[in-house]
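Visitor: Heads up: the protein sequence lines correspond to chains A and B, in order. Numbering of the first sequence is given in our numbering, commencing with residue 1015 and proceeding in unit increments. Numbering of the second sequence is given in our numbering, commencing with residue 44 and proceeding in unit increments.
By construction, these hints were calculated from the structure, which means they are not laboratory data. We put the CB at the ideal spot given by N, CA and C, even for glycine. Do not take every clue at face value.
To be verified - Think about it this way: if two alpha-carbon atoms lie no more than 25 angstroms apart in a straight line, the pair counts; the simulated SDA-like pairs of lysine to any residue are:
no., chain 1, residue 1, chain 2, residue 2
1, A, Lys1107, B, Pro58
2, B, Lys344, A, Lys1218
3, A, Lys1201, B, Arg124
4, B, Lys61, B, Gly78
5, A, Lys1107, B, Ala55
6, A, Lys1218, B, Arg177
7, A, Lys1108, B, Tyr103
8, B, Lys179, A, Lys1108
9, B, Lys219, A, Pro1193
10, B, Lys64, B, Arg53
11, A, Lys1201, B, Ala67
12, A, Lys1218, B, Val345
13, B, Lys344, B, Ser305
14, A, Lys1108, B, Ala55
15, A, Lys1201, B, Pro58
16, B, Lys179, A, Arg1212
17, A, Lys1218, B, Val213
18, B, Lys276, A, Pro1193
19, B, Lys179, A, Tyr1197
20, B, Lys162, B, Ala67
As the list claims (entries may be wrong) - Covered, in the sense of this in silico footprint (three residues per stretch, anywhere, with C-beta under 8 angstroms from a C-beta of chain B), are these stretches of chain A:
no., region
21, 1190-1198
22, 1205-1215
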Amino acid sequence: MERTWNNKAWFMVLPVLLLVAFSAIIPLMTVVNYSVQDTFGNNVFFWAGSEWFEEILHSDRFWEAMARNLAFSAIILIIEIPLGIFIALNMPKKGWGVPVCLVLMALPLLIPWNVVGTIWQVFGRVDIGLLGYTLRALGFNYNYVNDPFDAWITVIVMDVWHWTSLVVLLCYAGLVSIPDAYYQAAKIDGASRWAIFRYIQLPKMNRVLLIAVLLRFMDSFMIYTEPFVVTGGGPGNTTTFLSIDLVKLAIGEFNLGEAAAMSIVYFLIIMLLSWVFYTVMTAYDAEQ
Amino acid sequence: MARIDCNHIRHAYGPHPKSDKDYALKEVHHAFEDGGAYALLGPSGCGKTTLLNIISGLLYPSHGELLFDGKDVTNLSTQERNIAQVFQFPVIYDTMTVYDNLAFPLRNRGVPEPDVDRKVRETLEMTGLADMARRKARGLTADQKQKISLGRGLVRSDVNAILFDEPLTVIDPHMKWVLRSQLKQLHRRFGFTMVYVTHDQTEALTFAENVVVMYEGEIVQIGSPAELFERPKHTFVGYFIGSPGMNVMPVAVEGRSARLGSQTIELPGAPKAGTSGVIELGIRPEYVRLGATGMPVSIRKVEDIGRHKVVRASFEGRDIAAIVGEDEDIPADPKIAFDPDGINIYADSWRVEMGG
Chain A
1015 MERTWNNKAW FMVLPVLLLV AFSAIIPLMT VVNYSVQDTF GNNVFFWAGS EWFEEILHSD
1075 RFWEAMARNL AFSAIILIIE IPLGIFIALN MPKKGWGVPV CLVLMALPLL IPWNVVGTIW
1135 QVFGRVDIGL LGYTLRALGF NYNYVNDPFD AWITVIVMDV WHWTSLVVLL CYAGLVSIPD
1195 AYYQAAKIDG ASRWAIFRYI QLPKMNRVLL IAVLLRFMDS FMIYTEPFVV TGGGPGNTTT
1255 FLSIDLVKLA IGEFNLGEAA AMSIVYFLII MLLSWVFYTV MTAYDAEQ
Chain B
44 MARIDCNHIR HAYGPHPKSD KDYALKEVHH AFEDGGAYAL LGPSGCGKTT LLNIISGLLY
104 PSHGELLFDG KDVTNLSTQE RNIAQVFQFP VIYDTMTVYD NLAFPLRNRG VPEPDVDRKV
164 RETLEMTGLA DMARRKARGL TADQKQKISL GRGLVRSDVN AILFDEPLTV IDPHMKWVLR
224 SQLKQLHRRF GFTMVYVTHD QTEALTFAEN VVVMYEGEIV QIGSPAELFE RPKHTFVGYF
284 IGSPGMNVMP VAVEGRSARL GSQTIELPGA PKAGTSGVIE LGIRPEYVRL GATGMPVSIR
344 KVEDIGRHKV VRASFEGRDI AAIVGEDEDI PADPKIAFDP DGINIYADSW RVEMGG
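Model the full assembly from the supplied sequences, consistent with the hints where possible.
Guide: Below you can see the structure in the form of structure tokens.
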């Protein structure tokens, strides 16, 4: 059969290319552009080469923010994943409880991030906030504005409150897809509650858990709005995560070159870590 | 192994059953003998799976009691009843090897590891899974997975019965045959009490010594495959077993003859009593003789299905099916006669005995 080659078909891809160019490639190139140049204003730029990158990679401030961010991601994953699984396991599987639970679970996810921040900022205030005031009244020396530990607790609890539902909903979707026969067979085989979880429920949740871990890791590693609204990165720099630091650098200090270099390093790290998570978890999955 | 007695068991899924309609299982009073191979046969929704789940303890009956070897187990849990059950879709533990799958029920019961190993090896041999003992269960084919499900039942030598809930639904036709004969062999060798739920008559008739036919939540007949074929107790059994099903036509009975339209049919005997209500004559297509003598019919269609032909005809304004040999000719002026051995009389759908 004759095959006709018509390269004009490539024009069909053009609209997508244009869209991607304007939405992703061009803004990204601007960042790349800034990261290798220096300016003293007036739109005059000098070639800086890898200077900004070297500066970032040798800056304690960057690595401290990185360490804080990694610690934050690790803590919220350690809390949210098991808690999400636990809640999903205990949600009703049928009856009127299902829609009620699903709506309750979906609610925190529907609230805009800065509103979540504002809610917790007010909630935790020791003068008018219900939480802060009550804790104070109970004798706890709670104050997220002065105390780094309290600030961390507040930011972590806020994230758990905001995002555990996502893990719950994903796990729940995995759980309801398990046919009844599995539970019946497990009963007949005399399996304990733990064995049912370990050998039936967990394997069936594997894939959704992978998605949950990836999403939660990426989101928490990029977290900005909520801690910024609540603590503004303080007290001191104790809750200054990478993205908060980046904004301080770019807008606060107008250090565009360094901020651009940091953005690129930041982006590569998120990609790298996500890839590592994905590879490790899928390899584990395949091995099973 | 145990004898299983179902004493007046009724079951309704709803909380407050009022009429018979609310019962998925109307009343089952039957004993499954120790070491017997039983098939529960019936259409979808007839209550056969309900009965099976009541025996295994996945469901508790609304009324009645269940005895294993005379011991009341009605309120015992599945685990305490010590039952094995194989489901419609293969249930395997994906993340375990074939070996671990078989060991699972034993390990859950705290059996010492050397005994587990011995039992699992025996079972692997029995089910022909020995070659793949170390493989992950998830990569296997449907029939191999179903063998694992079966193996998890066989591995516990002390089970009271092995229950099958349409276990061959997802198996390829040629593997169905293989698995079915393996099951029969296992039954002959080890004498388990087996109850096998199916809606496939071939499966039921080849697997079981005793077929329990269920219809609308009731057992309508229990018997050997031959009994079900020759003497269906209920017109439903006539329809459901056999292909095509039994011809059933309303008749008027007078002594030893039955009248249908302008035709009179000689009966092998006079029906004993109970000739009130709706009287019907049932005859299997195998017993309808097509030839040059007898009662006139008009042929509508001849289906050649290989070993024999199915003749669809019109007899006194009703449809009737007859089976003729592959090489037999269809006469130009067709007439039918009924073999008296194959005639059954039904009053209100239930078979009436006939006197000599």
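Visitor: To test your reading of the hints: which numbers does this structure violate?
Guide: 2, 4, 8, 12, 18, 20
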